[in-house]
Amino acid sequence: MSQALQQHGVQATIPTPVATAKIHGQLLTELPSDLYIPPDALEVFFETFEGPLDLLLYLIRKANVDILDIPMARLTEQYLEYVEVMRRKNLELAAEYLVMAAMLMEIKSRMLLPRPRALEQGEEDPRAELVRRLIEYEKVKQAARKLDELPQVGRDYFCVEVWIEQTLTERVPNVCAADLESAWRSLLTRARVTQHHRITREELSVREHMSAILRRLSGAGFVEFTTLFDPGRGVAVLIVSFLAVLEMARESLIEFTQAMPYAPIYVKLAYAQSE
Amino acid sequence: MLNPNEVKTVLETALLANQSPLSIAELRRMFDEDIGADTLRRLLDELRDDWRERGVELVNLATGWRFQTRPSFQKYLERINPERPPRYSRAVLETLAIIAYRQPVSRGDIEDIRGVTVSPGIMRTLEQRGWIDVVGHRDVPGRPALYATTKDFLNDLGLRSLQELPPLEDIARTLDLNAAPSNEEVFPEARAGEPAERPAETAPEKA
Amino acid sequence: MLNPNEVKTVLETALLANQSPLSIAELRRMFDEDIGADTLRRLLDELRDDWRERGVELVNLATGWRFQTRPSFQKYLERINPERPPRYSRAVLETLAIIAYRQPVSRGDIEDIRGVTVSPGIMRTLEQRGWIDVVGHRDVPGRPALYATTKDFLNDLGLRSLQELPPLEDIARTLDLNAAPSNEEVFPEARAGEPAERPAETAPEKA
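Protein chains in written order, with the working numbering: chain A, 1 to 275; chain B, 276 to 482; chain C, 483 to 689.
No lab work stands behind these hints: they were computed from the structure. Careful: at least some of the hints might be erroneous.
[Stated by the list, open to error] List of simulated lysine to any residue pairs, SDA-like, C-alpha gap at most 25 Å: (1) A:LYS141 to A:MET72; (2) C:LYS557 to A:VAL153; (3) A:LYS146 to C:GLY612.
If we strip away everything but chain A, and leave its shape as in the complex, we get (with noise of 0.2 Å):
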């Protein structure tokens, strides 16, 4: 086989004794004589090709041929030749490997066909489809290469992020009167609550003037009833205030006291917390 390699002009060196090389840890001793190695451990040579087409690449390269124009015979015989010793040590063998031996086979077997009569039919070389791939793999090869030479985030270099100091403003959420509207509603459908909670425009000053008036009393102690209200304001005002305070008066929020008739009134709240 060695005589078939040096016929061809391919680099088949005799393989210089590997023997410190370790296969599954046993030395390396019983190497095809015939058969091209390159002085690293077997293994790890394997190890670096991806795949059959990058096998066929290296062999193609090593022999120094025209890619157009490949050598099938030669190229088979050494493709087999790996696979064979990838076999025998029991190395990994990927099924794919196999399949790409019998397509090189089968090539080889096609080129021996008479060559004028297939071109005349407008046959295409059979190699053409195994050229294209390996034309193919071999840009993505460069590709990879290439991408892996682009600088790259967090190997070659770092995104700057400074630390964003926050203020120490709280974010709070926002609340529009339309959220207060739909929170009701959803209550109402809820709750069924319709009759009792019925609120219209009116009832809602009223009861802003509740709340008002509260505040004015809290801690006030006793107030004349008079000062509860300010003409100033408008009758309107006048009124909806003179309501609120019955309304709290209904509800026993205020307490009203006169020491005789005609006297003035006092209003107070019912509980005061600082008692």
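On the provided structure of chain A, position chains B and C as indicated by the hints.
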């Protein structure tokens, strides 16, 4: 051998590329030559001065030096990554609505209307926001506090008075009449980020 | 109203504070006044020039502008954060190259080109890195997923578009040391960023 300016550039680069503070010891580790801690400190001080007019400042913290944005630039930065504004839960909104429309009310009143207990956390949320406060106590056993909305509540919602709240009369009437109300009114659109109320019949989404 | 220098300071601050690239649109959003995109671009160019002598550079990537450290400073920075991202295996890199140059492709396409099966781990590695994702499914039995590279892939490799990928070489000529006839006609070059023509016979998918 790096000159002081080159050392400063390396320091600046390292500090810009690290969010966590870097100690003098860590910074020293970068250089082949042994640069004294004092020299580094002087260069860091210079660097801090170099950045004085910028939106980012170099600060010396307990665990080391760090570049950080100046608080005055936060308003710009916030607009780039607008965090989704936080939202109040439905419980908080309903409680607020009840207080707004029914004030002055006690927690018991709110619970009666909502049909569930009102957690102290809800009241606290609204009090801390400054939107409700206690305006009195009802003269019944337990003396429950009476809550009302505040001026801040009106201001924050852009209202001049409670009367500007949407009137609810119409809604109640719609519901009362039971006259096949349009979905629009009965089930207001849920807002993003808030669990929607799904009426049973339109219910479960197919995954 | 900010003057151009103040605008630049705000831009610088925002870019220093954000790891992910910021688009012109995002940057514009920061300002009350309406600053034209052209003006911003000019100021960004100025900013890039301002940083020319520093260890950090302003770059224009697929999704916007970003400050990043110059690779020449990596040797210093690595001494602070010794853990380095793993280098990818050839299998991962070749798979990535096929997806980058031939996208969208299925796993079957990748296997056809590489001549070996592609382990799920390889795809997962690239997906987890955020460099590839599924952009569709081919309408053939099994409906295999079609993969493409992401914007992050471009950003992380410092590219603005697939057009900036290193050009594919004329392989036949490289391999053919004996100066073979031009293969231009026989094996037309596929271009980066252009979906390759997939001959029908390479189609069948592995399930």
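The hints, checked one at a time:
1. A:LYS141 to A:MET72: Holds - the C-alpha atoms of MET72 of chain A and LYS141 of chain A are around 23 Å apart, at most 25 Å.
2. C:LYS557 to A:VAL153: 14 Å, holds
3. A:LYS146 to C:GLY612: Holds - the C-alpha atoms of GLY612 of chain C and LYS146 of chain A are around 20 Å apart, at most 25 Å.
In summary, this structure violates none of the numbered hints.
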